[in-house]
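With the hints as extra help, turn the sequences into a complete structure.
Each chain, letter by letter, is given below.
Number of protein chains: 2
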Amino acid sequence: VDLEAREAAISRQGELTKPPGSLGRLEDIAIQLAALQGRAQPALEQVRIVIFAADHGIASAGVSAFPQAVTAQMIANMAAGGAAISVLARQIGASIELIDLGTVAPVPAHPLIRQAVIAASTANLAEAPAMSAEQLAQALAEGAAALERARAAGAELFIAGEMGIGNTTAATALTCALLGLPASSLVGPGTGLDRGGLARKQALIEQALALHRDSLADPTEAPIQALAHLGGFEIAAMAGAYVACAQQRVPMLIDGFISSAAALVASRICPGAADWMLLAHASAEPGHQAMVQALGLRPLLDLGMRLGEGSGAAAAVPLLRLACDLHAQMATFAEAGVAPKGD
Amino acid sequence: VDLEAREAAISRQGELTKPPGSLGRLEDIAIQLAALQGRAQPALEQVRIVIFAADHGIASAGVSAFPQAVTAQMIANMAAGGAAISVLARQIGASIELIDLGTVAPVPAHPLIRQAVIAASTANLAEAPAMSAEQLAQALAEGAAALERARAAGAELFIAGEMGIGNTTAATALTCALLGLPASSLVGPGTGLDRGGLARKQALIEQALALHRDSLADPTEAPIQALAHLGGFEIAAMAGAYVACAQQRVPMLIDGFISSAAALVASRICPGAADWMLLAHASAEPGHQAMVQALGLRPLLDLGMRLGEGSGAAAAVPLLRLACDLHAQMATFAEAGVAPKGD
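Read top to bottom, the protein sequences are chains C and X.
In terms of our numbering, the first sequence opens at residue 1405 and continues consecutively.
In terms of our numbering, the second sequence opens at residue 1405 and continues consecutively.
FYI, nobody ran anything at the bench for these hints, they're computed from the structure.
Chain copies aren't distinguished; within one or between two, either way the pair holds.
Restricting the straight-line Cα-Cα distance to at most 25 Å, the calculated cross-link-like pairs of lysine to any residue (SDA-like) are: (1) Lys1745 <-> Arg1410; (2) Lys1745 <-> Ala1480; (3) Lys1745 <-> Ala1603; (4) Lys1745 <-> Ala1732; (5) Lys1745 <-> Asp1729.
In this text, all values refer to a predicted model and were calculated from it rather than measured experimentally.
Okay, here's the thing in structure tokens:
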């Protein structure tokens, strides 16, 4: 990060016509974005949202309140403009790209949808590795390529969203493995499981963690092996995009539960990646708290959201922009002829 | 509130292509605004911000980190477009009005500034009633008149902001009297008092509460008497505007510490007024928590802001609008051909 731009931004915040610190995290955001973008006056005109979608073998075991065909149906809904993330992207003026990494139901051809099918779905992670090493490499590369296209489009902020029935199960298993926590401490209702479904989900995650334990024994290889054995195509692609963001110095705004699991993998693969991350919100999915702590990030919003799709991140974009506007446009004490704090 | 519009909004939220409840408070906001605006599809195109400014006699006792002349200087800065609220109002496309209720330093003539001077400042509330009954009536009427102009301008949401060096002292004293709490439990640093200043502020509030105790003994008259004895012209005008909002059925978005003190008075004068209030954020001023509980409201944001001016409320407006947009523009399960939750 650019320490000179950071110092210039800190200094400017002290000169603006307000009590020092009184804009709270809106000041911190402006300073952080200045450091990440390498300019004393950060800006977020160009925001890119990329939705990674894929199906999960575990879905057939009944870990979701929705049928698996919904993954493909929701990709079509996103492309048609009717999903939450479609509305949010339109309202905040963000460009959007949808990437189909593989669904059991067919996805219609559409200009907004990039076909990048790895397989119809991952394998059932409670019975086998979710994906092969080749499939993992393909997913990681799709994520990195999405970030390249975002950069080519001039993105000043990168948001990854996701769609995949069953993906809170994969994200929970993955996080349990990375943080060494039992399934019981992280498992939650996802899209709305009842008590019986929740118990089944927890048992399947415990089964998966036991099944793959030996494969994750090498600590150097653990993040990447956990991603292959317990993850999903969309989660792996997000992790690939996040690593690319850090390497290419593009600030990223992390969404909720699934995104944070991918961010956790990225920060294990690429130490320092979390420096390029802002965390949009605290998910209502109970296990999110442990991810947030492990990432060392503070959520901006806490609105009880648990939709995914990048929706929490998109909702936080206006706040980031207002932080930049305040930083750029407020008058200094000298400019306004206002007496500064007298101490 | 309109229960039919509320039911229609609840029903629509259940049909939109997302797990029920997964947009969290963005769903609640859309439903609440539908009930308040009396239409199944609420909207917030027209937002009005009115800044009430006034000086406080108590400021001469050294209860602020800033000199008293800053009140008038900041009104000029707001009119010139350099204050935080100026930037925020511009970015969210809100109309703004500045009302000068009386400052010790002169305020320049400016088309955005309405001159409504009651007196150069209130009296020192630690030594005398802050204002007379006539002055209180004048301030309340100015607030109600501001809401009338906002309505005439088509306002769908009303935000009151304030400027007044010393006004956290008045707001704290007022809240202590209304809630029966000691000064020690609510006093805070305001614009940035050091430890010595904080002790002085607390002692002065204790002195004021003792001095005016007998005048506030009648429970029926207590809210209005507390406002006269311990308030400020801008706080009284805000309370007047809030009461008018409730009476005229205009939703209001409450800002932070000072605004919440005025909102508390309004809800005591006019039971049910809080039904028309949304609370924008949790102020970093420590006493705000007690006000929030007494109002029975939940803050939307918690960003460590403590600037006033209506800045926290303005920062929350994009979230309210996104809630309305999601409610209006998302596709239903039927429209999108997406399978609903299978339970």
